[in-house]
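Mind docking chain B on chain A? Use the hints.
These are the residues of each chain, in order.
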Amino acid sequence: MNYKQKVGCNIENLKGVRDFIRNALKDHDVPDLQISELVLALDEMCSNLMIHSHQCNPEELFEIHIILKKGEPVIFEIIDDGNTFDINQFAEPDLGNLVHEKRKGGLGIRLVKSIMDKIEYQNRSGKNVCRLIKKIHFK
Amino acid sequence: MIHIKRLQEDGVDVIALIGEIDASSSIELDLAIAKSVGEGFRKILIDCNSLEYISSAGLGVFMSYIEEFKDQNIRMVLYGMNDKVSNTFEILGLNELLKIGKDKTQAKSMVNEL
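As given, the protein sequences belong to chains A and B, one line each in that order.
Going by my numbering, the first sequence opens with residue 1, and the numbers climb by one from there.
Going by my numbering, the second sequence opens with residue 1001, and the numbers climb by one from there.
Here chain A stands alone, though its shape is the one from the complex:
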């Protein structure tokens, strides 16, 4: 089963993103704690995209697809025209350094990498597709 949602680049829309992910996974009886982790990972990816690739311009849209196929890992796709930022290339600063430098950033990427099994990027007919993959049990 596939789910699709268009999102405007306004951080006020993050709540809607979380509801979309949560409701789709609830339909498939994914356990609550796992839902909350996946919701968090998508929130982090979408807020990064809105802020860093689109400067929070609400006119600019991207799409989220959720692909749930029996016996396969769940795939979340974030499909966008903007510049891709490959988080696999991002070297996370040491947690101690973050505390020392009083920096507020860098935690989101760390969360996403901890939660997801795999993050890959594709180019599909001129659009950038970020695929977040996680093995879960669902109905």
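Simulated from the structure, these hints should not be mistaken for lab results.
Even glycine gets a Cβ: it sits at the ideal position worked out from N, Cα and C.
Heads up, some of the hints might be wrong.
[Stated by the list, open to error] Incomplete in silico selection of chain A near chain B, CB under 7 angstroms:
hint, residue
1, I11
2, E12
3, L14
4, S36
5, D43
6, V99
7, L107
8, G108
9, L111
10, S114
Only chain B this time, still in chain A's reference frame:
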């Protein structure tokens, strides 16, 4: 959307977080803590009983105060987190860097003992 309520008990500032903290609302958490510090509180409790969600934007606010609080001997203890919220802190190991109590009673004794 986050609502923040502050109340003072025996020289302790209790900041209650009600709702969700994400990239759009983390600034309000930051302002509330800064205000408490600005008013001279040295003991701060963060009531998370009604905190339904927190993303890295909110975690980053707490992280950003760790060093300053150490230098100025300001004590901050969080308490009352639900399983999902506490899991978010644990994924990054922030539960090791911040002081987190189970409930208000425990948090109060932690803030007074530390």
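Hint check results:
With 7 angstroms as the threshold, the beta carbon of I11(A) comes within range of chain B, its nearest partner Cβ sitting at about 4 angstroms, so the hint holds. Look at E12(A): its Cβ gets to within about 5 angstroms of chain B, closer than 7 angstroms, so that hint holds up. For L14(A), the shortest C-beta to C-beta distance to chain B is roughly 5 angstroms, which falls under 7 angstroms, so the interface hint holds. The interface hint given for S36(A) holds, since its Cβ lies 4 angstroms from the closest Cβ of chain B, which is under the 7 angstroms cut-off.
Interface hint status for D43(A): upheld, as the beta-carbon distance to the closest one in chain B is roughly 5 angstroms, under 7 angstroms. Hint on V99(A) holds. Least Cβ distance to chain B is approximately 5 angstroms, under the 7 angstroms limit. Of the supplied interface hints, the one on L107(A) holds, with its beta-carbon coming within about 4 angstroms of a beta-carbon of chain B, less than 7 angstroms. With a least beta-carbon distance of about 4 angstroms to chain B, the hint placing G108(A) at the interface is held under the 7 angstroms criterion.
Hint on L111(A) holds. Least Cβ distance to chain B is approximately 6 angstroms, under the 7 angstroms limit. At its closest, the beta carbon of S114(A) sits 5 angstroms from a beta carbon of chain B; the interface hint therefore holds under the 7 angstroms criterion.
No hint from the list above goes unmet by this structure.
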